[in-house]
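There are 4 protein chains.
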Amino acid sequence: MGNSIGNLFKLTTFGESHGPAIGGIIDGCPAGIILDFDAIQMELDRRKPGQSKITTQRKEPDHVEFLSGIFEGKTTGTSIGFQIKNTNQKSKDYSHNTNVYRPSHADYTYDKKYGIRDHRGGGRSSARETANWIVGGAIAKQFLQDIKINAYTSSVGNLILDKTYRELDLTKTENNIVRCPDKIFADKMIELIDDVRKQGDTIGGIVTCVIQNVPIGLGEPVFNKLHAALGHAMLSINAVKGFEYGSGFNGTKMKGSNHNDLFNTDETTKTNLSGGIQGGISNGMDIYFKVAFKPVATIMQKQNTIDSDGNLVEMQGKGRHDPCVVPRAVPIVEALSALIIADYYLHYKARK
Amino acid sequence: MGNSIGNLFKLTTFGESHGPAIGGIIDGCPAGIILDFDAIQMELDRRKPGQSKITTQRKEPDHVEFLSGIFEGKTTGTSIGFQIKNTNQKSKDYSHNTNVYRPSHADYTYDKKYGIRDHRGGGRSSARETANWIVGGAIAKQFLQDIKINAYTSSVGNLILDKTYRELDLTKTENNIVRCPDKIFADKMIELIDDVRKQGDTIGGIVTCVIQNVPIGLGEPVFNKLHAALGHAMLSINAVKGFEYGSGFNGTKMKGSNHNDLFNTDETTKTNLSGGIQGGISNGMDIYFKVAFKPVATIMQKQNTIDSDGNLVEMQGKGRHDPCVVPRAVPIVEALSALIIADYYLHYKARK
Amino acid sequence: MGNSIGNLFKLTTFGESHGPAIGGIIDGCPAGIILDFDAIQMELDRRKPGQSKITTQRKEPDHVEFLSGIFEGKTTGTSIGFQIKNTNQKSKDYSHNTNVYRPSHADYTYDKKYGIRDHRGGGRSSARETANWIVGGAIAKQFLQDIKINAYTSSVGNLILDKTYRELDLTKTENNIVRCPDKIFADKMIELIDDVRKQGDTIGGIVTCVIQNVPIGLGEPVFNKLHAALGHAMLSINAVKGFEYGSGFNGTKMKGSNHNDLFNTDETTKTNLSGGIQGGISNGMDIYFKVAFKPVATIMQKQNTIDSDGNLVEMQGKGRHDPCVVPRAVPIVEALSALIIADYYLHYKARK
Amino acid sequence: MGNSIGNLFKLTTFGESHGPAIGGIIDGCPAGIILDFDAIQMELDRRKPGQSKITTQRKEPDHVEFLSGIFEGKTTGTSIGFQIKNTNQKSKDYSHNTNVYRPSHADYTYDKKYGIRDHRGGGRSSARETANWIVGGAIAKQFLQDIKINAYTSSVGNLILDKTYRELDLTKTENNIVRCPDKIFADKMIELIDDVRKQGDTIGGIVTCVIQNVPIGLGEPVFNKLHAALGHAMLSINAVKGFEYGSGFNGTKMKGSNHNDLFNTDETTKTNLSGGIQGGISNGMDIYFKVAFKPVATIMQKQNTIDSDGNLVEMQGKGRHDPCVVPRAVPIVEALSALIIADYYLHYKARK
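Residue numbers (our numbering), protein chains in the order written: chain R, 1 to 352; chain S, 1 to 352; chain G, 1 to 352; chain D, 1 to 352.
Hints in this document: simulated from the structure, not taken from any laboratory. Glycine included, C-beta positions come from ideal geometry on N, C-alpha and C. Heads up, a few of these hints could be off.
Derived CB-CB ranges, DEER-like [said to hold, decoys possible]:
| id | chain 1 | residue 1 | chain 2 | residue 2 | range |
| --- | --- | --- | --- | --- | --- |
| 1 | G | K53 | D | S52 | 30 to 36 Å |
| 2 | D | T268 | G | Q316 | 20 to 26 Å |
| 3 | D | N250 | S | H63 | 49 to 55 Å |
| 4 | D | L312 | R | M42 | 46 to 52 Å |
| 5 | G | D195 | D | N304 | 48 to 54 Å |
| 6 | S | A39 | G | N158 | 56 to 62 Å |
| 7 | D | S308 | G | T271 | 17 to 23 Å |
| 8 | D | T268 | G | N99 | 16 to 22 Å |
| 9 | S | H63 | R | D36 | 54 to 60 Å |
Bound-form chain R, shown alone (with noise of 0.2 Å):
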């Protein structure tokens, strides 16, 4: 259960880090659409470990084959099955944790709810799945291409952008490594996540994401609202602690006087408090929103923790591992967006 998102666009995942392959699904995704592939593998890239001196060190090439779905470089309109294969399978990097619950992964949970782990590595958990939303995020892009998606790099612990996106120019979020728009602040992100690095800890952070061009009338008004949808995404992502949109947080400071969106007579609002979505329903201003990632918990230093057997261990990380996941977070977070759109994209069709 669980392996799953989406109703009539739905992406369906297996694959741990340590097995053969990693792959998934995508069933729903409609007929004729003419694949870029080098669009998808460009993605895949943007996500793949290895690509910078803040990222892991970790080589992996993650190249996706198609496998069904796809007949000419078109969608046929049925099923669509990948995999990636795994070829840096470093299990030795592994093998000392064989027992050892590193705190504030899902080891010790795993092991509670399933009775058995495979303590290669983080089994479901790990974040590689997210290989696999990439895939499914890239086609739902190409199905939705009139409509933009871009998230970017908005904090690195405490420093915070302080720019809203429309003050941003969001085609330069890929001109460094940290995938922040605003060259000062990404040298300066960059550089705190180095000397983190360094001191063989990890740290947390934000991305912002915003997506234009949504028609009117996606999401529905009670349980599916499209904010809901898109909050449920997000909370997927390994280490998200949080979900805002609109206003979010800082909303809850305002009065109803300030945080009104009053109306143009073309039908768009002065202001977009609301994040584009109006009682669950996107109104065709902007969406945008925050995700909340939390430090990686997998640290280069010495830690106290304790093995299934109850003993006392000290454990220190030895893997390869992402001093802060931000950077590489953003392509996940535009992915799961183009799946949530996609699917909310044809069941307003449905209906129409």
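With chain R held as given, fit chains S, G and D onto it using these hints.
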């Protein structure tokens, strides 16, 4: 679509504030649960309008009638139908809004999505819907009798309670009308809401919720993470703009060496920045989260807006609305929490 | 669980024959459909008990009340709640069955599954539930106004109508109380049922259903084949033991050279042994299928059985039951057909 | 859509006969099941083509590779990904069919539904898909080790086995290539199929399936009746035209006084016309049902048909196809039965 929540313990609802009744169907509640009907009504009373000077003065008894699924005071295991009659439908309160789009309401998105709108109220976007959730949640609470779910008001506007839930006596939440267990803070909050109300304005706030005694192992590692389901549910409540659990947005500023929850030898953790959930699965520690509510959109001040013909019009709220939704949202947050935990508990049991 | 049918056009129901009401929620009906309430009531009247000498003499008006989702006679696109009050709950009819397991009823399985049973009736196994389906189906029919759905009685006991639906005038189905469009056969069937009734016995039969003007392309090639969904729906009706479409069981005796439906140049087929569905997808030809009903289990003769303590007891049906369910099943078969086609039509539209 | 079956024990599949592989994901299989991989392969071998003179002569090893969800021979409770490579893709066999609509195949409906078709095979309508089901079913069988599922060929054309399953020794089903446990009948069936094959023709038949040792209480009383789920699954198999359980279509000819299953004092029933399911819920007696298969549409005789431009063309099957699908359908019927029972068993356990 979108009128159901849950899979094995599922609530499906209907109803607008201006029809004859609202109601729902609870599908999947196990058989043999002895229901305490007074407790159910008490939860409805906590949510109902007109209960104090800081809530809407609209009076509705909100009496629930059960129509099926219960025999001799016990659940029979079959679907439980219920309804709450609408007794106070003052349509004239709304007659001036016939084709006006109220700012930051769902009027505009409803009209565009459905092409038809019952202008007498907010349709399914009316907060009246949440009475249905209270009924479902009250039954879920009785099913989950060993699990404690307590929510309370932790901020109103800039008044932010500077204590964690562990420093509070949660049995005192119902001692005041704002539902903040700290009396000093509660008095300040009540004063603030009353001031805002006199200005014809509204204000936002935050509800904190704590869930205790949850078995280890609820939640799935990928898309059905327990916190993602809780987040989805909370983001379904009207006026909610954000959700965070455990360290939340604050955790983004921390380093891994401070954020990791180290184990005690009894398998509890010394800290609980994880918020009782690791890798999407409950670890037996307290689950806690925050829900951000924006200020209510209906204000008693004049606002400019447009009507469905694109004319600029001036409007002023005349209905009986809440100056701050947070006090009445407290039981709603608990109800949805109970529904999610009940659903995930059944999934857990299926595979034990 | 199990009280819903459909995904995009979904009916969820509740109710026992001995509670205050039965009812349901239709979720996903598109907005703007002008409802003909008389037509809905007429469908209920076709199903209601007490309509002729060959049905149960129990009288129930079966008046439906709509509680939401309709404004000024049109669907609003939101969930439609409805209820049908139980007005004729003669509990004494059932008082003799308190803990007796009636043969071939669900009494025994209910008791074992739930550990609790409302002995005053069949609980959710009561055929009264089908009134809810009539309401859902009647609305689905109005949504599908260009699609014609006609069911009729094609056999009772050994009286098997020796004509295909093409040889019959389906507008004559309602001309007689057994709902067989062939008057000569109808008279024989009525006489047979009446004889069986006088013996205190019951008898089975078959309903044939024809669905015309279905667009090409409804249904999915693997698990959501259109005929599998129709079969699932029909097998949900009380007393149904079998389902076949197109050539059905008879097709097992044929050779491919005779069974294949050759094409005309206008893309219709010369024969239609496929029953309007090829590879699970509608091909534009008439869809037709048969539904097998066993004889009603409640007979007015003495039978030996056991009670919940394992005692042998003698029992005799005293309630007011149908000697043959088939005539009243005709509108039920149509209603479920309409629900399935509506659901699959919305799926089809989502990807067009 | 439509590539999944089940809710708590769910199989999702992909793949066409002419892509690199087919495969699937099993989601929800409980943790800790020790898998017998030979038993899984043996089930695949029962289904595979080329196994005898009365099946297609196409040879495919159908070797399954598991990619996740299994560690040290046991299920881990997470999603099990698997693939079966396509090794025998003789595209030239199909090159003559590029734009021809084969009669009673899904070519025409596919083209109309999707606007694109992989003319090298039947796409998702290919019976190759059923190898995926075998894998899912084989794992379900191992999860359900106390439940016995046995299917067999009970008719081919007009050769209808005149014994019930109780009169047969079901351990003898695999003793002959037609999979009929009665040797005399089996020989006749083999001869008939061989004759039909020599004529370049095909023939239909029936598979009977018996499920024993099912706990009392599986299935839900309304829309998730156990037999409705079984029917849905069976109607998902290629070429199936009908499903009946217990007394089936024959029961329509009976009277209640003969059809009712009277109880023994040990709560078993004297007869079992109910087919082990009453009110949609298993009663502990044997579940049995029949599945009707039409003759395969691909015949080796000349047929007139049309192409996608509406031209009349003459065609003749040249591929390697089965003269009768029934022998190879036997393990498929068992596999889908196991998937349904596993899913319903988990639902049952959730509420016990």
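Legend entry - Verdict for L312(D), M42(R) (Cβ pair) under range 46 to 52 Å: About 48 Å separates the Cβ atoms of L312(D) and M42(R), which means 46 to 52 Å holds.
Inset, instruction - State, for the Cβ atoms of T268(D) and N99(G), whether the hinted interval 16 to 22 Å holds or is violated. - result: Check passed, 19 Å falls within 16 to 22 Å.
Inset, instruction - Starting from the range 20 to 26 Å, see whether the pair T268(D) and Q316(G) falls in it by beta-carbon distance. - result: Given a distance of about 23 Å, which is inside 20 to 26 Å, the answer is holds.
Inset, instruction - Evaluate the given range 17 to 23 Å for the C-beta pair formed by S308(D) and T271(G). - result: 21 Å Cβ-Cβ, so the 17 to 23 Å window holds.
Inset, instruction - Can you let me know if the beta-carbon spacing of H63(S) and D36(R) is within 54 to 60 Å? - result: Holds: the Cβ-Cβ distance is about 59 Å, inside 54 to 60 Å.
Legend entry - Distance restraint hint 30 to 36 Å, applied to the beta-carbon atoms of K53(G) and S52(D): With a Cβ separation near 58 Å, K53(G) and S52(D) fall outside 30 to 36 Å, so the hint is violated.
Inset, instruction - Check the following: the C-beta atoms of D195(G) and N304(D) are separated by a distance inside 48 to 54 Å. - result: Cβ of D195(G) to Cβ of N304(D): about 51 Å, so the range 48 to 54 Å holds.
Inset, instruction - Take the C-beta atom of N250(D) and the C-beta atom of H63(S), compute their distance, and say whether it sits inside 49 to 55 Å. - result: holds, 52 Å
Inset, instruction - Mind checking the hinted window 56 to 62 Å against the Cβ distance between A39(S) and N158(G)? - result: Once the Cβ atoms are compared, 58 Å apart, the range 56 to 62 Å for N158(G) and A39(S) holds.
In this structure, only the earlier hint numbered 1 is contradicted, and the remaining ones agree with it.
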